[in-house]
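The residues making up each chain are set out below.
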Amino acid sequence: MEDLFLTIVTFFPLLGAVVLLFVPANQHSTIKGTSLIVAFVTMLFSFWIYNRFDPVASGMQFEVNLPWVQSLGIDYHLGIDGISLLLIVLTTVLTVLCVIAAWHSVTEGVKGFFISMLLLTTGMIGVFVSLDLFLFYVFWEVMLVPMYFLIGVWGGPRRVYAAIKFVLFTMFGSLLMLVALLYVYFEYQAFAGEYTFDLLKIMNMPLAYHPQLWLFGAFALAFAIKVPLFPFHTWLPDAHVQAPTVGSVILAGVLLKMGTYGFLRICMPLFPDATIAYMPYICILAIIAIIYGALVSMVQRDVKSLVAFSSVSHMGFVMLGMFSLNLQGVEGAVLQMINHGISTGALFLIVGMIYERRHTRMIEDFGGLAKVMPVFATFFMIVTLSSIGLPFTNGFVGEFLILLGAFKANTWYGVLASSGVILAACYMLWMYQRVVYGKVTNPKNQNLKDLSARERLVLIPLVVLIFWIGIYPSPFLNRIEPAAKQVLSHVGKASTVQLNESYEIVDVPVLGASSDDAEAALAELEGAGR
Amino acid sequence: MEFQLPEINLQLMAPEIFLFLWALAVMAFDVTTKRKSSSTAGNLALVGLAVTGVIMVFTDQGRGFGNMFFNDSMAVFFKVIFLAAAFMAIGSSFGLTHTRILNHRGEYFGLILLSTVGMMFLASSSELISLYIGLELTTIPLFVLAAFFKDDRKSVEAGIKYLVVGAFSSALLLYGLSFIYGLTGTTDIAQIRSILAHSAVAGFNPAYQESTPIMVMAVLAILGGIGFKLALPPFHQWVPDVYEGAPTPITAFLSVGSKAAGLVAFAKIMIMGLYDLYDPSKAPNDWGILVGVMAAAAMIVGNVLAIRQTNIKRMLAYSSIAHAGYVMVGMLALNSLGLASVGYYMFAYLFTNMGAFAIVALIEDRTGSCEIASYAGLSKTSPFLAISMTIFLLSLTGIPPLAGFFGKFYVFAAAIKMAETGSGLTWIYWLVGVGLVTSVFALYYYANVMRTMYFVETDSPLKVTMSPMAVAVIVIGVVGVVVFGLNPQPIVQFASDMPAALGALLP
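Protein sequence lines correspond, in order, to chains S and G. Counting in our numbering, the first sequence runs from 1 upward without gaps. Counting in our numbering, the second sequence runs from 1001 upward without gaps.
Any given hint might turn out to be false.
Unchecked claim - Okay, the calculated beta carbon distance ranges per label pair:
hint, chain 1, residue 1, chain 2, residue 2, range
1, G, Ser1467, S, Tyr50, 26 to 36 Å
2, G, Ser1039, S, Ala453, 56 to 66 Å
3, S, Leu21, G, Gln1191, 49 to 59 Å
What the hints assert, rightly or not - Which residues of chain S face chain G? A few of them, derived with a C-beta cut under 10 Å, are:
hint, residue
4, Pro67
5, Lys111
6, Trp140
7, Val142
8, Val167
9, Ser419
Bear in mind the hints are in silico, worked out from the structure with no lab data behind them. All C-beta atoms, glycine included, are put in the ideal place defined by N, C-alpha and C.
The following block holds chain S by itself, in its conformation from the complex (with noise of 0.2 Å):
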C-alpha cells in the first residue's frame, strides 16, 4: 500500500481531469465543485503522506519502482525525501488555494481552465517525485502545455506574447537537458554495463572533470531558465504580468522551485565537481539578481510586475543559499523555495484580488484603502512583512539561514546579499505605502468591497503557514535536513578528493551512507569553502 501512495497522489488530479473531460462545459458549478474535490482530495492524500514520511531517515521514501520501457532501461521510479515532501504539499495546498480564488475570475472557458489547472498538478507533482531522469524530463514538458493555455488564453492584453515566449524559452533549456540526459544515460552503460536513467543508481557513477562541465552546464542551463537566474529571466515578467492571477501563483509558487528543485536533485549529486568549480559564479550570479530584482522592482508602476521581479531577487536568495554548499545555505534554500511559495503566492492572490475589483494594477491608481478595505489591507500587510522577511515570519527563517549560509561561504556574499534584504523592505513597504495608506484621491476606490468570505478562506492558510514557519519551523527544518545532508555529502565527497588535486573519484559515497561520512564530507567541504 505505501508504494501506491506516490501514484495516487501524482495522478488522481490527471484522473480529475480525465474526469472533466465527460462534464459537459456549460455546467460550470458542477465542473468547479468536481476540481475542488479532487484538488482537496489530492492535498488530503499529501497530508497523509506527510504524516508517514520518516523526518529522520535519511534516503528516499515511500519508492516504487517498476519497468516501463524495458528495452531501454526506463523505469517508473518514484520516491521522495524532505525537499520534494514539502514542495508537494506546497503544490497542493497550492492547488487547492488556486481553485478557490479561480471561483469566480474564471468565466470563460471554464472547463478547459480546471482541466489544465488539474493537468497542471499532475506535471509538477510528478516532477517531485520521479527518481528515473527520464521520467522527470516526461513531466518536466507535460507541464508547459497546460500552462501555455493557462497563460494564452485566460491572461491579460499581451498573452499570447508571453505564453509563446514562456514556452519557447522552456523548451530550449530541456532539449539541451535531453541532450545531456542521454550522454549520461550512455556513460553509464559505458561505466556499468546497464542501460538506466536511475538517478539513484546514476548517482554513484564517477564522471571526468571536464564532461562534467559541459553536462552540468546543461542541466543548469534548463534549470537556470526555470528558476530564473539572472540573466536568463527575461521571460519571466513577461508570463506572469500576462498570465491570470492564478497561473501567476502557480507559476511563481510552485514551478520556479521546479528549477532549483533540479539543482538539487539532479545537478548537485551527479556533477560533484562540475558544482564546485561552478560556485562562485553562481553565487555572483545569484547576487546580481538578489540585487538586480530588487532595484528594478523599486521602479515598477504595476503591482503585478513588481511582484514579479521580487520573484527574481527572491529566488536568487534560493540559489545563493544552495550553491553555498553548506547545511545552513542548502536548508535555508529549501525552506524559502516554500516561503517563497506561500508569500508570493499570496501576494499574487492579493494583487488579483484588487484587481477584480478595480480592473487595474497601477500603483497610482490607490491609495488609502486601508480605510475601505481594512480586512484586505491586514492580510496584504502580514503578506508583505512576510516577504521582507520579519522575524516571527516564514520570510526571516528562510533568509536568515540563506545569509549564514552565505557569510560562511564567503564574507562578501553575504555582505551583498544581505543588501538585497535592505532594499526588499523599500521596494515592498513603499509599494504598501503607496497602495494601503494616505488618503482616498480616487473616487473610484471610495465604494471598494472588503474581502468576501471565500476570499478570505484563500488567505487564511497561507496567513497560518507564514506564522507557523517563522515561529516554529523545526518540523521543515527536521525534515529537509537530512535531504539536505545528502546533497552536500555527495558534493563533499568530491571537494575532499578534489583538494588532492585528484580529479578522479576513487569512492563515492551511495545514497544512505552513514551520517557519519556526511558530516565529515561537510566539514570538509566547509573548510574548502572558505
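Since the structure of chain S is already known, use the hints to place chain G on it.
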C-alpha cells in the same frame, strides 16, 4: 552448367498478391456496376486492407524467388506502417468522395491500394531489381492520385511536378544502381555487401580504404535518387507544391507511406548494401557525413521555411521535410538502436501525421480552405477537432508523453550512442545539436496553429460536421499517439527485432 530453378515460395508473397488482386477488383467493381453509394468502393478498399493484414499474420518469414524476396521482421514492421497509412488515408477520403471525387472512385481507391502493394513489395525485396520495381509501383499510382482533381490547376500542377521529379529521381537511382551492378557483378544486396567487404573490386578497395571515382558517382546518384523520394535538401523543392495541390488524403499518404518506403529503400541499399563505405575513419569520403549534411539541411530548411507558411498543407509539407531530417539522424546511427529508432519514429509519425491530415481534410471539405487563419475559433465550435489537432501538433513538436516525443528521443539516443562509441564521429553531436535547435523553431509554428485555434477570436467561426469515418481515423490517430507515447515498449520491442535482420552487421 546446370541451371537450377530458384525456389519459388509463393506463400511468402500472399499478402501482396491478395492486395494486388483486390485493387484490381475494386477498380473493376466500380466500372462494372451501376450507380452506387459514394462510399462503397472505399469500404471495399478498407476491407481489402484489413484482410491483407490478417493474411500477413499467417504469413511466414523467409526467402523466396531465389533471393529476390525476403520477408523479414523489418519488412513486416514497415508493411504494418504501409497498411495502416493506406487505411487511414482511405478513411479520411470519404469526405472527398462525397464532394469532389464523383467519378472514378474505384480508380482512386484502387490506385491507393496498388501503391501500397508497391511499398510492401519494396519492403520485402532483397535485390536491386525487385527493389526498383517496388519503388516504381509505389510512385506511379501516386502521380495519378496527386492529379486526381482534374479541374483543379493546383492538383494538375502537383501531378505533373511529381511525375517529372519522380521520373527523374527514379532514373538517377537506376543509374546509380547500374554502377553498383557493374562494379560488383550482382544485384543481390547481401552479396554486394560481402563483395565490397572482402574482395578488392574495381570500385572499392578495402585494403587501400578508398573509393574510386566511379563508386563515388554511384553513391551520389543513389543518394540523389533517394533524396528526392525522401525530400532531403537540395532535392526538396517539389514537396510544398505537390503537397499543397494533391488531394489532402493523398498528401497524407505521400508524407507517411511514401516516405517510409523511401526509408526502406535507403536502409536496403545504403546500409545493407553499402555499409562498408560508411566508415568514419575515411571521412569525408564516406557517405555518412554527406547524408548527415543533408539531414541537417532538411531540419534547418524544413523548420525555418515552415514558420512563414500560412497554408497548413504547405506548413505540414515543410514540417515533413524536417521530420525526414530527424529520422535520417536515426538512420545514420548504425547501431542496435538506429534502425529501431527509425522504425519507431515512422510509427509515431504515421499516427500523428495521418491524424493531422485527416483533420485538415475534414476542414478543407467544409470550407474549401487550408489557410491556418481559417482555423480561428475551432476550439469553440468543435472542441473535439481542436483538442485532437493539438495532440497531433504537440506530438509533432515532440512534447512528452506523446509518441512523437519518444520517437525524437529514441532517434537522438541512437545518434548520441553512435557518436560516443565511434571515433571521428563528433559531427553527429553537431547533427543532434541542429536537431535540438530546430525543434524549438518547430515549436513556434506548431504553436501558431494552436494559438489560432484557441486564442484568436473570430466573427465567423468554422462549422464542421464530421463523418463517422473521419472521426474514426482521428480517434485512431489520437489513441495511437497517446497510447504508444505512454507505453512505447511494444513498438520498441517490435522495432528492435529489425536490426537483427541486418545480421551481425551492426555493432
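Going through the hints against the structure:
| no. | hint | in the structure |
| --- | --- | --- |
| 1 | G:Ser1467 to S:Tyr50: 26 to 36 Å | violated, 52 Å |
| 2 | G:Ser1039 to S:Ala453: 56 to 66 Å | holds, 60 Å |
| 3 | S:Leu21 to G:Gln1191: 49 to 59 Å | holds, 57 Å |
| 4 | Pro67 | holds, 8 Å |
| 5 | Lys111 | holds, 9 Å |
| 6 | Trp140 | holds, 8 Å |
| 7 | Val142 | holds, 6 Å |
| 8 | Val167 | holds, 6 Å |
| 9 | Ser419 | violated, 37 Å |
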